[in-house]
Amino acid sequence: SQQGEEDPQALSIQEGENATMNCSYKTSINNLQWYRQNSGRGLVHLILIRSNEREKHSGRLRVTLDTSKKSSSLLITASRAADTASYFCASSGGLGETSGSRLTFGEGTQLTVNP
Amino acid sequence: DTGVSQNPRHKITKRGQNVTFRCDPISEHNRLYWYRQTLGQGPEFLTYFQNEAQLEKSRLLSDRFSAERPKGSFSTLEIQRTEQGDSAMYLCASSLLATWGIDTQYFGPGTRLTVL
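Those protein sequence lines, which keep their order, are chains R and V.
Counting from 1, position 86 in the first sequence corresponds to residue 86 in our numbering; the numbering is continuous, with no gaps.
Counting from 1, position 74 in the second sequence corresponds to residue 74 in our numbering; the numbering is continuous, with no gaps.
There is no bait here: all hints are sound.
Below, a list of computed lysine-lysine pairs in the BS3-like style, where the Cα atoms sit at most 30 Å apart:
1. V:Lys57 x R:Lys70
2. V:Lys57 x V:Lys71
3. V:Lys57 x R:Lys26
Keep in mind that the hints were calculated from the coordinates and are not lab data.
One chain only, chain V, in its complex shape (with noise of 0.2 Å):
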């Protein structure tokens, strides 16, 4: 499968422990992005990475999160002292920058986090 994996894909903890999430984009992809989504919501927008630069963060990302890319290829994103408010699913997306500027975002299937 040569598509974007993420790892795990369902995690259950308890208030104030730490997670950390792991996202494998598609090989020659050198955009990889994060979103959070809610139940009935569409994805938020987190930060994204082009190679192993962190390019944007969302406001939505508080000191507790934090994400890292270190040689351009996966990425993880760690929530500390998880709060109930933590509770989502959340999503990795990775993409192709084009010489014209657009490019074509590919979602893995996600991480559902609850936080008890």
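Next up, chain R with everything else stripped away, as it sits in the complex (with noise of 0.2 Å):
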């Protein structure tokens, strides 16, 4: 079963605005990353965040930690019909070589950016 929980399951913006998705996880992490999935496709790496950073910027997105809630949020800023997509985080215990680097992924969210 999934760990991970995201909110919204879906959203719906025009082109422009800012999409903002909610991730929560349950146990203790290294990192969270972000991916993003077209349909029927793969997933492309957003961002990483570490467990001990609060905050970061790529580019568009800005992605925020808090690890005492166990919460995290993605921003898409000034979004453009391209960002179509469904976003996944992805939380990752990272806790020694050999229990793996293993990603739990949320069940994402349907974003749609409307031109």
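Reassemble the complex: the two chains are provided individually, in unrelated frames, and hints are given to aid placement.
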């Protein structure tokens, strides 16, 4: 079963607006990553935030992490129609080499940006 | 193209048949992961390799599933006696474990399996 939960499950906005997606997780983490997936395709890595970081930026993306609340948010500013996709958060425990870095994904947010 | 590749991209099979998928990771990556994704859900971890050693398997990986990475490069995932519940997208990812313990996983396009 998925450990992560994402909110909202679906989001529809107009081009130029900002989109905010939230993610919660259940166990302690080493890092949290956000991925994007276009329909029927593989996942594209967007951004990684470590457990000792609170905020990170990459282009139009801003990610926050609150380890006390076990939650993260992804903000996409000035959205474009091409941003239409599913967005997933994925947490990693990374407690040592033998435990690996398996990613535990949320159920995703389907973002639709209308032109 | 130097990304992760997977073959075939689509596979349709009849229940009870065996299927095998292949994943070619990014060349210098030492870790390789398999995930399964069903419609409307996030990917779920199946197993991973560090070089040729299979270090972790999920409880999702029943006895009908087997994965190999014989020379620490490409990997195969075989499903024996397929069932309709095996229908899903099978995703492969690779990464380079850094000395500080964080590795970013890069995903392939996936193999979509349909079991009739």
